[in-house]
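Dock chain to chain to rebuild the complex, using the hints, since each chain is given by itself in its own frame.
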Amino acid sequence: MDSNLFFNVTTFAYFTAMVIYIAFVVTRSSAVAVLAKLVAVGGFLANTLALGLRWYESYQLLGGDGRAPLTNLYESVVFFAWSILLIYLLVDWKYKQPAMGAFVIPFAFFGMIWAQFGLSASIDPLVPALQSNWLTYHVITCFLGYAAFAVACGVSIMYLIKVGKEEKAENSPIGGILGVFPSARVLDDINYRAIMIGFPLLTLGIITGAAWANYAWGTYWSWDPKETWSLIVWFIYAAFLHARFTRGWVGRRAAWLSIIGFAATIFCYLGVNLVLSGLHSYGGS
Amino acid sequence: MNTKKTTFVDSVWDFFCSLKLTILILLLLSVTSIIGTVIQQGGSAEEYIREYGQSNYELFTKLQFTDMYHSWWFVGLLGLFSVNLICCSIKNFPRAWKFVVSPQLIASDATFKNSANKGEFSTKESIASLLPRLNATIKSHFAKPVETKADGAVHLFAQGGIYSRFGAYMTHLSILVIMVGAMVGTVWGYKAYVNIVEGTSISQVWPRGGETPIELGFSVRCDDFDVVYYAGTQRPKTYSSELVVLDGGKEVLKKKIEVNHPLSYKGITFYQSSYGPAGTGTFELEVTDNQTGEKVQVTTAQGKKNQLARGFSFSVDDFTPNYDRFGPAARLHVDAPDGTHRTPFVIMQNFPQFDARRGGDFSFALKGYNQPQYTGLQVAKDPGVWVVWTGCFMMVFGSMGAFFFSHRRLWVRLREEKGKTLVQVAANAHRNQAAFAMRFEDLIKQIETTIENKA
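Taken in order, these protein sequences are the chains called A and B.
If you read the first sequence in this note's numbering, its first letter stands for residue 1, the second for the next number, and so on.
If you read the second sequence in this note's numbering, its first letter stands for residue 1, the second for the next number, and so on.
Here chain B stands alone, though its shape is the one from the complex (with noise of 0.2 Å):
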């Protein structure tokens, strides 16, 4: 009964260790997240009837397809790949761990006979008089050796890189580290958005998705939102936001902020996102009476009516920043004193002069458009997102420590045979043995010119 238990519980950890689950989870990972690429993620239910119908639109929330990434069966695929992380790494990492704190002193006369990287030489010298060159010549050309005294013989060992056993462990727990940092950021972490109108300051954002608007606990302040083109076009170069920080009143942060270059107050950051017109804009006309050449400066919104001389009233109809290429023009028309509504004309900002030549009773010039934006933000809170860099810190770290670093070992053996003394060298690297064999030979050379130069 005991047995068969044990066998049961074993066969389950031989399952959740191995590799080859390893590689069904990394492909089937890989293919079903292919699904979330060719279908939208987190769109309305129209769209997706739309596009594919009502029969696949329910078959796609029954998987989950929708959200893919956050479905029940991707999220349990990651979490059967953590569990397979550390059972893995559980079951492996004592063995690597014996490395360091049992380093093998000694090598077997197996390991001095079929190791790739091996030497041996005969000096009549003793072993007393070549130890302490032996010694330094290891030290200075691979490591510090360790002396053990064993079996009659003199024993060397040296080693380098131990640290490249664990960087394969490094870069599973990185894995780890940055789940975590994720799941972090996702309970206690928001995204959110805030549209803020020049001049005018919020204490609330709104999460994405979310009805309930988020309480910042202090206020920000547009106080100016500004776009620059490239000379000569419509592509925008940058656009920027003079943000204020309020907290208790007190203006405690002022900083411009545009794309890629966000602010941060107390764990929330504001980034640049996007920008649009707010409400109605104010127009600065110049009329000119053209029977009594008086001018008059007028400033009005689009719609408004305004009264002229003689009972004569006009208003501004419409406004583009860009007429035909000619930059910003305003349509206007004029009213008689009768009522009567003539017929609208246009007036171009560049052109001042322009509307004198139409010759009506009155003649107007578009000083001005001042359109109030309102500066878009993204708005986001993560506290995990230092646990993600320190996870991706470690990812980096330890897969270069893992692909390009090896454990490196050498061993000595010098024994009395015959009144010679015997030195036998082997050597042996845990990876990149290509590599190791050449340098190798230098150590070996090395080690020879130490022999046999008894000076």
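Isolated chain A (complex conformation) (with noise of 0.2 Å):
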């Protein structure tokens, strides 16, 4: 029993649930739905199982020198997809919009199967740089609101497939697969609840990141690439807020905003250090 083996038991269930919430859409049959949340909720609780083995795993590899599985670009992507499960679960509890789960869990998916495949899985000990308890802090916050983004993102698209044909259809309600997506009204309550999530959330994560680099190096921003997307990505969501009171700028153009987001987050991630060089570039293997 290795966290290896959890991780794929992991992926493939998230890849099960992906598929039967498509079914689910297809069909509109209740008892797919919660099949598929069924799943969904095993794949998470093996995503759980798997980062606590790891944990444990790496202070029988390392001894004292074991740490959260939070350090390295392997280890963040299946934390990321542990905590779009988790954003996710907590948004259906909340909204019971089972439809949402074939925009969300791919996002999931997608990470899971890249990690599984694309990444290293080594548990290597810390550079110094890294060996700090603001690391942890860091890098929850960070995920939880990048998690929130990705639901964001995925109620977005749906939002965007949903509006254009209500629009057409007035008043007479919607049929076919579009029957069972929530109105557009509601899903623009969601996506405006999961940033309202993630907002303070990234907050946090800049302001432990930079209070950590005043720690380590005496700077709190040095305008460093990772630094400054995540300020971008900050600024994107700060103007989608603040959209949300302006005429001429809610539904679409909100919606929207929240998918540019999500690129830009996805960028900050990942784009700035497989394609742009700083600080953060040994989280990059």
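Careful: at least some of the hints might be erroneous.
Pairwise CB distance ranges (calculated) [as the list claims (entries may be wrong)]:
no.: 1; chain 1: B; residue 1: Q64; chain 2: A; residue 2: L45; range: 25 to 31 Å
no.: 2; chain 1: B; residue 1: Q234; chain 2: A; residue 2: L45; range: 35 to 41 Å
no.: 3; chain 1: B; residue 1: D289; chain 2: A; residue 2: D2; range: 47 to 53 Å
no.: 4; chain 1: A; residue 1: F245; chain 2: B; residue 2: W13; range: 15 to 21 Å
no.: 5; chain 1: B; residue 1: R439; chain 2: A; residue 2: V19; range: 34 to 40 Å
no.: 6; chain 1: A; residue 1: L45; chain 2: B; residue 2: R50; range: 35 to 41 Å
No wet-lab data here; the hints were simulated from the structure.
This one's a predicted model, so the numbers in the text were calculated from it and none came from an experiment.
A virtual CB, placed ideally from N, CA and C, is assigned to each residue, including glycine.
Spelled out as structure tokens, the structure:
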């Protein structure tokens, strides 16, 4: 029994849940929705167990130098998948809209499959700069924030699909596949709520990162590409939050801002490491 | 004339207050910020010319792309952002403040009729007998009500979470506080670096990009520098320096610093940043005269000629900390009495007996190599950092207050009508209505039970 086995189970469960959620959208059968949710919850539990095991294994492998599994690209991707499921299940618990699963679970699945097949899962000891408790707070807050943005992005895509149909159909109810989508108004509300969760978490993530940098290097802000991109993401979601109160920016434009915001989030997370260079480059392998 | 002037001022004011301007600035900031993540910042002219060519480099300098986050246009954008923030807050704050200084104690008929959260009850009990129980219920399940008598009716008003009306203002103010903190740091602080060779002390540090050293006003000595590697690897686990602060000739502070564990004295902080070799190292060698069997201990430096018995001499030519994974090794050569330069050979610290097999006039064993190190320290003085952290705290609490809490208000009107008491209830929340609606359902049930239960 090792963590890798459970990460494989997680990947398979997220794939299955994704397929069943898509099947739900097509069949509109509530039994299918229940099954999809069960598989998703099962995958989340396997993911949790796998993270716990990997934590334990790091102590077996490195002795006193063991650490929480939040220190390299592989670990961050599997933690990101876990965070997406956590936020998704919370939103689902509150709004009970299973169609969302077909648009949110894929993010977790693609993350897991990339981690399992494309990234090195080796547990290496930490370079001195990463040996800090700030690392844990920084990574947890950032990725919970990113996960909330992933949920918002999935919901925004649904919004853009749905709102056009709703406008055409005017007052008659929408049948077909889009029938199981929540109404555009509800989707807009979920989008806003998810970003309301993600934005303070991103803010905390940036602040803990700055505090750590100040403690390790004596500079809380150095306009390094990673820092700058996190600020770019912050600006975009700040614009989104203000767009909600501005005529002409509600609805479609807000949904696009949410999607662009998540694209920027992904660039901040991966693009900066893979394309640009900077202080965070050691997180790259 | 006068009206026209006011109109112009008004339109300027409206421009700076507008949320559309806020969104525009935020999007402009995010798009322009990308430039500095693609073009390297603070590089040398040669680097830019090599990568982008002469004409592009000239364009970059004109547009200040090589240090864009401090360029006039980026700082100008941040300035405009601040003005927008301040204007928006000045425009909207009085409305929020009004909720504090003059709460609406009496709800109108329209509120009782149209509110999304409402209830209406009728009871035979008199107002005077119902009122204390109703007050107690509202107090324990919502908030302590304020009682007002007007228009022949008794009005109750209770509210909670009024502070959440100020979350947005606190968040806005926090951005300005952080900016002020950053400015304080830029004006009264500095970022510098210094290298201290083990066993020596310094009293000056070198600012980044500057040529004049900064006097610390005290001195710092490095007693020892040490690198620890993970077992069996070349991956550093920790590197640390034993630092001693000397002020007025006295040792005032002693601390072993390492990465993530700096030392602070009089507002100046020293961070472990790098290390490297300083000057030439010394070799400890044992030389055995193979004719007499006599052993001598020699301490020498690289390139230095050392006399041996019978007119021979030797010198160390080279050193490597890791010779083909066999550990530290030195290359030596022996000069014969006639001055001929004999073939160089390698001796390894981990295999002291190895050189005896070479079969020369002398054999050598490497006992040790002592390379003095320097420790590289970042030095920072930032009196604005606490202002920045204060701003950060305000931002976290402000945004939480703004997003997760709401100002909730409850109005109750008790009126005698045809020998009965009519109780009307209305409530609202300025945000998160769905969550409040659920809470109100519970509350209205409690109120209903209170009215029905005459005991």
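Do the hints match the structure? See the list:
{"no.": "1", "hint": "B:Q64 to A:L45: 25 to 31 Å", "result": "53 Å, violated"}
{"no.": "2", "hint": "B:Q234 to A:L45: 35 to 41 Å", "result": "40 Å, holds"}
{"no.": "3", "hint": "B:D289 to A:D2: 47 to 53 Å", "result": "60 Å, violated"}
{"no.": "4", "hint": "A:F245 to B:W13: 15 to 21 Å", "result": "19 Å, holds"}
{"no.": "5", "hint": "B:R439 to A:V19: 34 to 40 Å", "result": "39 Å, holds"}
{"no.": "6", "hint": "A:L45 to B:R50: 35 to 41 Å", "result": "54 Å, violated"}
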